[in-house]
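**Student:** Here is what each chain is made of, one letter per residue.
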Amino acid sequence: MTGNLRLGFHAPHSSGEIADLLSEAAHAKIPIEVRGRGSKHEVGRLVQTGSVVSTERLTGVSLYEPTELVLSAAAGTPLAEIEGLLAERGQQLAFEPVDLGPVLGGHPGEASIGGVFATNLSGSRRILAGAARDHLLGVHCVNGWGESFKSGGRVMKNVTGYDLCKAVAGSWGTLAVMTEVTMKVLPQPAETRTLLCFGLPDLTAVEAMCLCVGTPFEVSGTVHVQAPLAASLSHPGIAAAGAAVTAIRVESFPSSVRYRISRLKDRLAAYSLSLELDTDQSRVFWEEIRTLRMFAGSDRPLWRISTAPSRAAKLVAIIARTLEIRAVYDWSGGLIWLDTTLTSDAGAVEIRRAIAEFGGHATLIRAERATRASLDVFQPLDLPLASLTTKLKAAFDPAGILNPGRMYPGI
Amino acid sequence: MSLLTLPKPDEAILARRDEIVRQLKKLVPDAPLIADQEGRRTYETDALTAYRCMPLAVVLPGSTEEVSRVLRFCHDNKIKVVPRGAGTSLCGGALPLEDAIVLGISRMTRVLGIDETNRCARVEAGITNISITAAAAVHGFFYAPDPSSQLACTLAGNIAMNSGGAHCLKYGVTTNNLLALRVVLMNGEIVDIGGDYLDAPGYDFLGLITGSEGQFGVVTEATVRLLKAPEGARPMLLGFDSPEAAGACVAGIIAAGIIPMAIEFMDRPAIHVCENFAGAGYPLDVEALLIVEVAGSDDEIEILLENLTDIAERYSPRIIRVSRSAEESALIWKGRKAAFGAMGQISDYYCMDGVIPLSRLPEALHRIGAICKAYRFRVANIFHAGDGNLHPLILYNANDRAELERAELCGAEILKLCVELGGCLTGEHGVGIEKRELMRVQFSAADLAQQMRVKTAFDPDWLLNPAKVFPLEGRTRQ
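So the sequences go chain by chain: R and F.
Each residue of the first sequence is one higher than the one before, counting from 7 in our numbering.
Each residue of the second sequence is one higher than the one before, counting from 772 in our numbering.
Next up, chain R with everything else stripped away, as it sits in the complex (with noise of 0.2 Å):
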């Protein structure tokens, strides 16, 4: 493949092809935009490069053991064939992985497998089941010299060697470029059910989500839907009610949801439980939060902030003194959601002051391409953070060729 490195468009067939690319690249100091499907393309500080390397023709599922709950796919493959595959044998991932196609302008189910591992998204049931990085056993990838090399494998358990998939996990693109994910899959629940609070204020709501998950009833979801944004939601009860709405998800056996169910509300009696929604309504609902069906059909600038629940509620009230927001708390309050109005940086200065204050950190998921330009899309990091990352990426890609900028200058 020497001498094909032109300015454009690369999706090779194979990972030999992608490290034949990368090696040419790696000699020349060309730098590369990576790439799976495309569907996050728009997030991140703007890579200034000529060529993209996509990942989009290595494709499909070369393992697949149910009864080890496992599975192998090569990047590329899309994340909807792979739940669809999951779903006939009664299997998910259960990180839930949150897809922002609909956030971005574009539809849901676009995103690779890769993709979805190279940015660490998870969604609601992140609190029970841990994050697409935990569900991560094995990744095959070619670095910035071109070399390809493995980390993991495909058994559950594994500390031989160094953990190089969290590395890859999350780093969107920067380090290496990944081929071949294995994953660990798990059984999809039987039964599930949702209770919904309405008209909580964002502190009483966090505090009732709290409140669930130091339960031992496994809850697997809590998310607070702030008032204008609930109304976006399909279910007509919640449209009807015109106020916030509080989710506290159960997944389990049948016997076993009625049970817990019927705990949960005896704790939150004091917080004005109003419905219940059944598995296939369950199903709707937070297939619409791990969507972000609220934000979509927008332009208003998206951030994704990480920061303790114990802080949400306050951190989002002292943001939304100078800044027009609307906001969702997933995660119990750990993760929040909101978006602002159009300004020329996005609300960072605000936003970034507040985090600052309360802990935890900021990413701008969706604005203008301009704006994204001029201000840090990822949460600046502290000094020894900083150094330490400059590092890293050098032990991966010393010619600083893979996704150059996208999360931090220099990197």
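Keep in mind that a hint or two might mislead.
Pair ranges (Cβ atoms, derived) [stated by the list, open to error]: (1) R:Val67 <-> F:Arg1095: 42 to 48 Å; (2) F:Lys779 <-> R:Lys35: 24 to 30 Å; (3) F:Gly1245 <-> R:His19: 32 to 38 Å; (4) F:Thr820 <-> R:Val67: 42 to 48 Å; (5) F:Lys779 <-> R:Val67: 36 to 42 Å; (6) F:Arg1095 <-> R:Ser304: 55 to 61 Å; (7) R:Ala237 <-> F:Ala908: 40 to 46 Å; (8) F:Asp886 <-> R:Gly243: 48 to 54 Å; (9) R:Gly90 <-> F:Asp1070: 53 to 59 Å; (10) F:Asp1171 <-> R:Glu87: 42 to 48 Å.
Far from chain F, some chain R residues (derived; all Cβ distances over 12 Å) [stated by the list, open to error]: (11) His19; (12) Leu110; (13) Pro114; (14) Glu330.
Hint data in this document are derived by calculation from the structure and do not stem from the laboratory.
Yeah, the Cβ is synthetic: ideal placement off N, Cα and C, and Gly gets one too.
Model the placement of chain F on the given structure of chain R, informed by the hints.
**Tutor:** Just chain F now, kept in the frame of chain R:
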């Protein structure tokens, strides 16, 4: 010393021993510093006792600041450092070197805070694993990873090795249960990663440092996730005429969509030893025994145990026995948890830690038997069946040097078999010194080169816990 060798010590460092000790004393006057022969002997080995080596000196700092001062001094003077928790490593992860300082953090044991709302605990990393759960239990919480050595092992050691335990099928291993780390790098720099929230910004240094076997830095503090204890838990015993049937039953349980808290497997030799020791009521006329534990309310447990009974019956079990009382449950677990101690009473043993895909279990057990027979050893198999993590125990006489060397060769064959079957060399004990030379069985030169580059990023002079993890030949510091 047996098959594995340690690198030749740096004579210049050895010659400076007295001076180094004096300087350390001045640097951290409040930290115990052990330089005498007898004192150092306590630290000459860990739980892989076949290997011993007297360190240059042992220092036991009491704070992150002291750890930082010691590391910066060692960095500037090019002195190697072996970090140590409680010294329970089964792979020689804490084995000293003659020209290295042992830096033990076993004095740093404080609980710094339990946060019920955010469900986490901030602790100093020298705390024992069990003490975290003890501190959290007051609030009805527990810390999930539960390695067999949990009474003694430190959280720092758990983080270094990414330790698991019997219940990680449901709750994950150490890396899945950490929120934040305070780490001192070899140059003395103190780095804080993560916080009291679920995901840290930027690259996943939390995940990368966990399982790095003390080669990236010394962890002095951590924030761990706490979970609410289930209302109750109860085990059942399933006995089978063949390991194949037991393996098929495990697959059947998982295929039915049930993920129990734990699925533990014992073969006939292990059953007999454990039963003799603990009187747990294990059946003695079966070839394989499963302990399956489920959790929840009494009603939930009853239903799950009924479902498990239905599933198990498809695999022609010789015996199905559900625990009917807390006493009976305790007894069932006593037998399993005493397994290593009980085995130690009848023979010295060499404990393996390979992992295989569950579907290869019958073949693995068959071939492990054949390997041990060829090396003229008896073997007992105990393992975490839900995740395929095997612990074959090779029974040998530790006082016979030739037998020890044969046991190591036998163990290496078993681990190579695990890799051949699609698994790995180690599931929860780590590579340490023990499996260092086998790394090429599992990894290509390029795989290892990438790992070594990451090592170099954290510790350019390779001063932290050297002589471990990578084969001694062919090390690169790119």
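**Student:** Does each hint hold? Answer for all of them.
**Tutor:** Here's how the hints hold up against the structure:
A hinted range of 42 to 48 Å holds for the C-beta pair Val67 (chain R) and Arg1095 (chain F), which are about 44 Å apart. For the hinted restraint 24 to 30 Å between Lys779 (chain F) and Lys35 (chain R), the CB-CB distance of approximately 41 Å leaves it violated. For the pair Gly1245 (chain F) and His19 (chain R), the beta carbons lie near 33 Å from each other, so the given range of 32 to 38 Å is met. About 46 Å separates the C-beta atoms of Thr820 (chain F) and Val67 (chain R), a value consistent with the hinted range of 42 to 48 Å.
As the Cβ distance of Lys779 (chain F) to Val67 (chain R) is approximately 50 Å, the hint placing it in 36 to 42 Å is violated. Checked against the given bound of 55 to 61 Å, the beta carbons of Arg1095 (chain F) and Ser304 (chain R), roughly 59 Å apart, stay inside it. Checked against the hint of 40 to 46 Å, the C-beta distance between Ala237 (chain R) and Ala908 (chain F) comes to roughly 44 Å, which is consistent with it. Checked against the hint of 48 to 54 Å, the C-beta distance between Asp886 (chain F) and Gly243 (chain R) comes to roughly 35 Å, which is inconsistent with it.
Checking the proposed 53 to 59 Å range against Gly90 (chain R) and Asp1070 (chain F) shows it is violated: the Cβ atoms sit about 35 Å from each other. Here the CB-CB span from Asp1171 (chain F) to Glu87 (chain R) is close to 57 Å, at odds with the stated 42 to 48 Å. The Cβ of His19 (chain R) sits about 21 Å from the closest Cβ of chain F, beyond the 12 Å cut-off, so the non-interface label holds. Its beta-carbon lying about 20 Å from the closest one in chain F, Leu110 (chain R) satisfies the requirement of being farther than 12 Å from that chain.
With a minimum CB-CB distance of about 23 Å to chain F, Pro114 (chain R) clears the 12 Å threshold, and the non-interface call stands. At roughly 25 Å from the closest C-beta of chain F, the C-beta of Glu330 (chain R) stays outside 12 Å, upholding its exclusion from the interface.
Of the numbered hints listed earlier, those contradicted by the structure are 2, 5, 8, 9, 10.
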